[in-house]
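Based on the sequences and whatever the hints tell you, model everything.
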Amino acid sequence: MEKKAFGRPASLNDKIFTYCPGCGHGVVNRLLAESIDEMGIAENTIGVAYVGCGGMLYDFFNIDFAFPLHGRSPAAATGIKRVRPDKIVIGYQGDGDLAAIGTAEIIHAATRGEKLTVIFVNNGIYGMTGGQMAPTTLIGQDAATCPGGRDPEYHGKPIRMCEMLAQLDGVCYAERVTIDTPAHIRAAKKAIQKGIRNQMAQKGFSIIEVVSPCPVQWKLSPVDAYKRIEREVLPFYGLKIFKDTTEEEER
Amino acid sequence: MSKKLFMKGNEAIGEAAIRSGVMAYYGYPITPQNELTAYMARHMREKGRVFIQTESEITAINAVFGSSCAGVRAMTSSASTAMSLKQEGISHLAYLEIPAVIVDMMRGGPGLGNILATQNDYNQAVKGGGTGDYHTIVLAPSSVQEAADLTRLAFELSDKYRNPAMILADGTIGQMVESVEFPEPIDPSDIPERDYALTGCKGRPPRKAEPKNSAEELENHNLRLQEKYQTCMDTEKRSESILTDDAEIVVVSFGFVSRLAHEMVAELRAEGIKAGLFRPITLWPFDDDALKKAVENAKAVVVLEHNAGMMCSDIRMYLEGQKPIYFHGRMGGSIINTDSVKAKIRNVVNNKEDWRELHGKEGIWKTC
Numbered sequence: 001m002e003k004k005a006f007g008r009p010a011s012l013n014d015k016i017f018t019y020c021p022g023c024g025h026g027v028v029n030r031l032l033a034e035s036i037d038e039m040g041i042a043e044n045t046i047g048v049a050y051v052g053c054g055g056m057l058y059d060f061f062n063i064d065f066a067f068p069l070h071g072r073s074p075a076a077a078t079g080i081k082r083v084r085p086d087k088i089v090i091g092y093q094g095d096g097d098l099a100a101i102g103t104a105e106i107i108h109a110a111t112r113g114e115k116l117t118v119i120f121v122n123n124g125i126y127g128m129t130g131g132q133m134a135p136t137t138l139i140g141q142d143a144a145t146c147p148g149g150r151d152p153e154y155h156g157k158p159i160r161m162c163e164m165l166a167q168l169d170g171v172c173y174a175e176r177v178t179i180d181t182p183a184h185i186r187a188a189k190k191a192i193q194k195g196i197r198n199q200m201a202q203k204g205f206s207i208i209e210v211v212s213p214c215p216v217q218w219k220l221s222p223v224d225a226y227k228r229i230e231r232e233v234l235p236f237y238g239l240k241i242f243k244d245t246t247e248e249e250e251r
Numbered sequence: 001m002s003k004k005l006f007m008k009g010n011e012a013i014g015e016a017a018i019r020s021g022v023m024a025y026y027g028y029p030i031t032p033q034n035e036l037t038a039y040m041a042r043h044m045r046e047k048g049r050v051f052i053q054t055e056s057e058i059t060a061i062n063a064v065f066g067s068s069c070a071g072v073r074a075m076t077s078s079a080s081t082a083m084s085l086k087q088e089g090i091s092h093l094a095y096l097e098i099p100a101v102i103v104d105m106m107r108g109g110p111g112l113g114n115i116l117a118t119q120n121d122y123n124q125a126v127k128g129g130g131t132g133d134y135h136t137i138v139l140a141p142s143s144v145q146e147a148a149d150l151t152r153l154a155f156e157l158s159d160k161y162r163n164p165a166m167i168l169a170d171g172t173i174g175q176m177v178e179s180v181e182f183p184e185p186i187d188p189s190d191i192p193e194r195d196y197a198l199t200g201c202k203g204r205p206p207r208k209a210e211p212k213n214s215a216e217e218l219e220n221h222n223l224r225l226q227e228k229y230q231t232c233m234d235t236e237k238r239s240e241s242i243l244t245d246d247a248e249i250v251v252v253s254f255g256f257v258s259r260l261a262h263e264m265v266a267e268l269r270a271e272g273i274k275a276g277l278f279r280p281i282t283l284w285p286f287d288d289d290a291l292k293k294a295v296e297n298a299k300a301v302v303v304l305e306h307n308a309g310m311m312c313s314d315i316r317m318y319l320e321g322q323k324p325i326y327f328h329g330r331m332g333g334s335i336i337n338t339d340s341v342k343a344k345i346r347n348v349v350n351n352k353e354d355w356r357e358l359h360g361k362e363g364i365w366k367t368c
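Chains V and P supply the protein sequences, listed in that same order. Read in order, the letters of the first sequence are residues 1 to 251 in my numbering. Read in order, the letters of the second sequence are residues 1 to 368 in my numbering.
No false leads were mixed into what you were given.
To give a feel for the contact side, a few chain V residues facing chain P, derived at Cβ under 10 Å: (1) ASN13; (2) GLY55; (3) MET56; (4) ASP59; (5) PRO74; (6) ALA76; (7) GLY79; (8) ARG82; (9) ALA109.
Here are a few chain P residues that face chain V, going by a calculated C-beta distance under 8 Å: (10) ALA24; (11) VAL50; (12) SER56; (13) THR59; (14) PHE65; (15) GLY66; (16) SER67; (17) VAL72; (18) GLY89; (19) HIS92; (20) LEU198; (21) ALA209; (22) GLU210.
Calculated from the structure, these hints are not laboratory results. These numbers were taken from a predicted model, which means no experiment stands behind them. Note that the Cβ used here is the ideal one computed from N, Cα and C, for glycine as well.
Here's what the structure looks like:
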């Protein structure tokens, strides 16, 4: 018998992703689904979506999912986790959702040490609404609301959420990963699984920031968008484990 | 029933919520509802339930969304200017049909206003302060006892209709101390499980608290919501009519103001004026049939509110110009002087029309 080596993760249903060609959300959705499958937690997990392109993931997963308001994913996730502490609650947010309108919610869920795992997809732009400047848009990067490029004096400077959240005592794990190469994709999946394991071990709040491409709003081909990550994004948003108190405990 | 207790309205609502099986409470400090938050802080944790003082009212209402999605009774409370912050969340609860109980202890507005008791959130509560074609079930207590009773009812109606329900109370109700009895507590595990709760999909298909994205989906969803609201309107109207059968003057007021009005009606009766009181208990759905019946024999209707006539606009709509309506309201925390109102009612009875004479001196006086 021939063995099927690659297929759709069981945690994903048959619907076709609505993401644009080359969009990173498809990859990150898949990594989450594979992680859920491999850890055998689909029946015990509640997902919390967000408002933005990747928020459509609620429709693609074979697990329970809530769809909260823009930026309020950590508040809704807190509400779920506190009354269902035996369930695994996974938040998934974009950079407009987490780093702009929902800044208060993510900081306080993290600082309370809610036993949550949050996957934060940072593509430096508002995708769904038409390429507006995000809090994470890089200096000089062109966007609908910083035409000609982000001017730090006029538009302000980009925010580094993982670095910030790592300062909070409630956070047990903060890592930034990306998905521009197969090796980085494997590392991203490892980080997601670690974040979920931390929650299962009641260790605290875990955030995994995934630097991700948005070819359409970056106005690049998918290939060039992936290349831009290494060339322009990673020098500012460096890949790093900013905090891991769980490793210290294990040692 | 419990023994009779002497309690502040805010605390009575907290106790009633706990006895109604609330499993999660989220709140943020604001006067005049702080005793409720503090009561929940004292009692939820010891019962193994959830209390979080959130970083904002916005987080509170969205955490309510989360807990209620996960299948338990959940609640938040606030006041006026901060209730404005919850409106998007309330609208979203109505959209995805997630139950919740919300308490609004009204203070002065607009905006930050002041901390004194008013009724100036009628429009925000009854008309739907958030976006879209939705309704919140709005219950208006006039005493500490009724605040406790309506809290239980709010949880029941909210579950029954899968819709947010609000206790809309003058700040006075939260702050005053009266005797109150409570029904036996409900064991949360006796509350029927919600067949839409997100609990992990073990042994069943996945459940989603999900948006309706296409034009067709959202319109069909809205049509279903409208049908649900109609059922609620047909079934859940509550009001109290006192001495209205032969009344030539029917006073209409809700909440704390109806307490003043009730006393005033008794005094007018004592001096031979046939006055009556109509008091809506549900502000939405509004008991328009009972209102029409209450004013059947009335020469005039007098609406009293601690706002500029928010409910009065609805009274005009319900009565369709069939009766003259006189309105008096105070704003900013001043309390209606019933001696002034009585003098004006005497004039109305004697066909001396000077209702607006005090306008601007003692609040607002309008003829409609």
